[in-house]
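Enquirer: Sequence:
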Amino acid sequence: GMAWVDVDAGGGGVTVEISSGGEKIKSLTAQPGHTVTRFETRLEGLTAGDVIQVSAVPQSKSSYRLGFKIAFGTPTFAGKRTFDLHDFGAVGDGKTNDLPAIQKAIQAAQGTGGGVIRFDGAKTYYVKGGHCFHMDNTANIKIEGNGARLVLHPAFEFAVIRHSENIQIDGLTVAYDPLPYFQGHIKGYNIAPGNLSMDIEVPDRYAVPKTGKWLSRQFSRSFWLEPGYKRVGSGQHLYLDRVEALDSTGRSLRVYFRHDMGARLQDTKDHHAIELIVPERDFGHRSDNGLGYCYIHDCGRIALSNIRVENYCNMGFLPMDNWGPITFSNIDIQTPHPETELFVGWRDGWHVHANRFGILIEDSVFDGGIMYDDVFSPYLVLPDVAAAAGNTVKLDNGRMTYWHPGDWISFWDTDQMKRLGMARIAAIQPGDPVVLTLDHELDLPGVRYALNEDTYNRDQVVRNCETTPLGKGASVRLRTPIHFQSCKLDNIHFWTYSGENRSRPRNVVFEDTCIWDRLTLNTDNAWTIAFRRCTLDKTILEFENTPKAVVEDVQWTHSQAPIMRLEKASNVYISGNTTRNGQTDLAPWIEKSDDSTVHFEAGAGLEEWDGDR
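Sequential numbering of the sequence shown, starting at 4, is according to my numbering.
No lab work stands behind these hints, which were simulated from the structure alone.
Quick reminder that beta carbons are idealized off the backbone N, C-alpha and C, glycines included.
Take these hints with a grain of salt, some might be off.
[Claimed, not checked] Label pairs and their calculated CB-CB ranges:
1. T343 / G97: 18 to 28 Å
2. T404 / R208: 42 to 52 Å
3. R45 / T18: 37 to 47 Å
4. D387 / A59: 48 to 58 Å
5. R45 / T343: 38 to 48 Å
6. V384 / G231: 39 to 49 Å
7. S255 / N100: 29 to 39 Å
8. H602 / E469: 51 to 61 Å
9. I277 / E20: 23 to 33 Å
10. R208 / K571: 45 to 55 Å
11. I55 / I277: 51 to 61 Å
Construct the complete structure from the given sequences, taking the supplied hints into account.
Expert: Spelled out as structure tokens, the structure:
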């Protein structure tokens, strides 16, 4: 559920409380004079007949506007008919193309108002010629995999779900054949930066690679070991040009790189790189229609559960522009050969954009270092304000397809340092530019960006998840609210920041989470971030231009110095049992600029806080 309250300047504010089953779940007091106060609540363990109560109590004659929305997130299929996939011609021998049978079964279930499509868990199903689960304007479908194996022919996707509701895909192991990449041993460190080339030997576990030129955007990744670790290291992002065979086997290759890759090749050589991971020429780093391995768009009440992903071609899981909750439960992204393979996915893990309700990712294990990048990337693209006068605003260069009347829109300066105003959309006129009519007039001098507060990925939760210490260290870029709960995150570098046409993050929270980083955990230009009851190993917290960072009951378990850096007017509030190797005197281990402040105090809260306060 989501709620918001807009309190007039007079009076003492208004207290909003949410209860369920007679138990208070959450409450806050919205202060007068703030444009709007928002909060989200995830209600779990409800049963039929439970009552959710939202109450508001004004203080000292305050007047206010309040609204709330509640969405049901759990798919249900009671009373739906069961369809056996083999009744529609599926063979399940791992060789016959079973895509036509899958499509027929989905169509049959649609024709009866929904149903459960059942796979034989002992069989392997081969899919070629289209997306495996392609559902558009569909409702009430459950895919019951029962542990079956799916083998997809690239570059089609595992699931493309659009404009749909009450869908669940459960219980499958999924791989591609042929593999969307190959991995080669660098022969005798034969890396020639001046020639823009590298020689590699490809093991028998891969098909003989195709020779010739790659697509213009494809890139490879070199890999070198970090001292003291067997399969952990780093590498360079190397754009490709072409590949040539050096002998008749086709496994001894000379790889050529783009004209501007000389410096990166030299860095790769200087680090004595041992391997090169390369996208397969026709399938790697691409997908049909460019959608992504699991694309969920304009949907609600969608769940994927008990899925093991062994490899994918391009982008991973993309929940984008959804109007209702989306859940990923027990989604393991893991290579079947952990001692040899460095990648599972050729690109990012989760790209989460512009969702109106929470995205939940839980109970999953990721070989995080072997996704190319961005295991998690919640973000929002901001449109530019082309013109603003009275209650009319013209916008361009943004993704506004799923903006609607009633949405709250906030307006910001170029650096997103000051919120200049906020209103709701009264009407929206598509076009170039998009024209908004607001519910009241605003004075917006110096405005640059418009942010739709209703599509801000609020209440995204990652809980009970872990990554493994394998492969090239992956990154995580956080640009909208996200809450990590009870996670173990290894070999991942976090970066919380805004960037051009991206929202300035706020309400990024880590709770009861272990982070092993080997680098700085960077927070740049975020309004708020919190670490509570966390364990940090080989991790330095670095804050720049962060007005409020909360560090509460955090344990550093390494001897590196410093444990924290503050720059550019950052404020960190340290409280509770926060220690470095058991030591409570943290001041000697903190570096800060003169305009930054460390506050040692108890109970620092993390209310949503941004430029109008």
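Enquirer: None of the hints should be skipped; say for each whether it holds.
Expert: Evaluation of the provided hints:
1. T343 / G97: 18 to 28 Å: About 22 Å separates the Cβ atoms of T343 and G97, which means 18 to 28 Å holds.
2. T404 / R208: 42 to 52 Å: holds (43 Å)
3. R45 / T18: 37 to 47 Å: For T18 against R45, whose Cβ atoms are near 21 Å apart, the range 37 to 47 Å is violated.
4. D387 / A59: 48 to 58 Å: Violated, since D387 and A59 (Cβ atoms, about 36 Å apart) do not stay within the stated range.
5. R45 / T343: 38 to 48 Å: holds (40 Å)
6. V384 / G231: 39 to 49 Å: Distance hint for V384, G231 holds at roughly 41 Å.
7. S255 / N100: 29 to 39 Å: holds (34 Å)
8. H602 / E469: 51 to 61 Å: Violated, at about 32 Å.
9. I277 / E20: 23 to 33 Å: Since the Cβ atoms of I277 and E20 sit about 59 Å apart, the hinted range of 23 to 33 Å is violated.
10. R208 / K571: 45 to 55 Å: holds (49 Å)
11. I55 / I277: 51 to 61 Å: The hint (51 to 61 Å, Cβ to Cβ) holds, given that I55 and I277 are roughly 57 Å apart.
Checked against the numbered hints listed earlier, the structure breaks hints 3, 4, 8, 9; every other hint is satisfied.
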